[in-house]
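Take the working numbering: the last position of the sequence shown gets the number 311, and nothing is skipped along the way.
There may be inaccurate statements among the hints.
Derived DEER-like restraints, expressed as beta-carbon distance ranges [as the list claims (entries may be wrong)]:
hint : residue 1 : residue 2 : range
1    : Thr64     : Leu159    : 17 to 25 angstroms
2    : Arg199    : Met162    : 36 to 44 angstroms
3    : Phe39     : Ala158    : 33 to 41 angstroms
4    : Leu127    : Leu56     : 35 to 43 angstroms
5    : Leu125    : Gly255    : 48 to 56 angstroms
6    : Val101    : Arg124    : 24 to 32 angstroms
7    : Leu164    : Thr41     : 57 to 65 angstroms
8    : Gly152    : Phe39     : 48 to 56 angstroms
9    : Arg257    : Leu138    : 40 to 48 angstroms
10   : Pro120    : Gln222    : 23 to 31 angstroms
11   : Met273    : Ala53     : 53 to 61 angstroms
12   : Phe39     : Arg256    : 45 to 53 angstroms
Source of the hints: derived by calculation from the structure; they are not laboratory data. Everything numeric in this text was worked out from a predicted model, so none of it was measured. Ideal Cβ placement from N, Cα and C applies to all residues, glycine included.
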Amino acid sequence: MEHQPLTRPVAVVVARKPRTFSPTARAWLFLTPSMLFMAVLIAASLLVLRMSVGTKGAEWTGFSLDSYAQLLEPYYLKSLLLTLRLALISAVIAVILAIPVGYTMSRLQSPFIRRLFLAAVLLPLLVNLLLQSYGWLVILGPGGMLNQALKGMGLITRPIMMLYNQNGVLMGLVQTAFPLAVLPIASAMRGVSRSYEEAAATLGASRFQVFRQVVLPMSLPGIITGATLVFAYNASSFVVPLLLGGRRVPMLAVMVHDQIAPLMNWPAASAAGVVLIITTLAIMTLSEYITGRRRRMLEASQ
């Protein structure tokens with residue numbers, strides 16, 4: 010009688026390794042949504058560029074540079090210069106106001122308080138621009154809150170006209186773009202090592218001197234970035250100058266709207282848009298060059 014084996018052979022199951030992607034494949038996978046978004050933006054820009062060299066009624070088939078020649082007329086040149094001037098002034102004011110706020114945020118120790126500050130700063134970005142502009146209408150109007158408060162304090166006897174002029178538009182531009190200045194400035198100031206401030210204080214510098222001679226120079230890349238973001242944002246602003254300035258503050262975006270809405274002159278509107286895009290990109294490129302050069306100088310000095 011044959012003896013049966015005490016043990017039976019056990020089937021060995023080899024676990025399959027989960028399929029993994031190479032680092033390059035994962036990088037391309039994550040980049041795909043951004044690349045698709047950029048492709049849409051580039052395609053839209055090319056369409057605007059094509060319409061800018063078309064003719065009215067033949068935007069896709071005609072070819073003419075009359076729309077660009079039209080921009081050399083005094084009205085359009087005045088609109089372009091006004092747009093650049095208001096965008097530049099609003100960027101300077103926003104940065105001046107954002108520096109103390111950014112410095113305060115960078116020195117807060119409590120995470121909860123820092124989040125409250127951040128939420129308060131980001132609030133204008135969460136509220137629709139139309140609602141913010143209507144809020145300014147309520148505040149700055151002849152019977153608005155500001156005029157009523159000034160009359161109540163006896164500072165004025167009749168309302169001050171703060172709407173439908175450049176001052177009202179400027180206030181709206183600064184307020185709506187203020188967060189874009191605060192965030193990069195706060196980030197740059199948070200990156201300044203405390204050892205530099207302690208060394209300056211050890212040498213006898215006051216807190217203001219430390220801030221002016223140490224923190225501000227080392228935060229200059231963030232300051233320039235914030236100013237550039239505000240400038241680019243306000244140069245293309247439409248809702249704020251339309252509601253707070255009416256037709257008395259003809260910024261370029263309002264002029265583009267007027268060319269499309271009543272006149273249906275797509276080539277002229279596209280040409281103005283192309284000029285605005287090129288001007289903004291040129292200023293942003295110059296700002297990036299200055300920021301990069303300043304950053305390299307700071308890294309070399311450390």
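Comparing the hints with the structure gives:
no. : hint                                 : result
1   : Thr64 to Leu159: 17 to 25 angstroms  : violated (52 angstroms)
2   : Arg199 to Met162: 36 to 44 angstroms : holds (39 angstroms)
3   : Phe39 to Ala158: 33 to 41 angstroms  : violated (52 angstroms)
4   : Leu127 to Leu56: 35 to 43 angstroms  : holds (38 angstroms)
5   : Leu125 to Gly255: 48 to 56 angstroms : violated (37 angstroms)
6   : Val101 to Arg124: 24 to 32 angstroms : holds (29 angstroms)
7   : Leu164 to Thr41: 57 to 65 angstroms  : holds (59 angstroms)
8   : Gly152 to Phe39: 48 to 56 angstroms  : holds (54 angstroms)
9   : Arg257 to Leu138: 40 to 48 angstroms : violated (19 angstroms)
10  : Pro120 to Gln222: 23 to 31 angstroms : holds (29 angstroms)
11  : Met273 to Ala53: 53 to 61 angstroms  : violated (19 angstroms)
12  : Phe39 to Arg256: 45 to 53 angstroms  : holds (46 angstroms)
Consistency note: the structure conflicts with the earlier hints numbered 1, 3, 5, 9 and 11.
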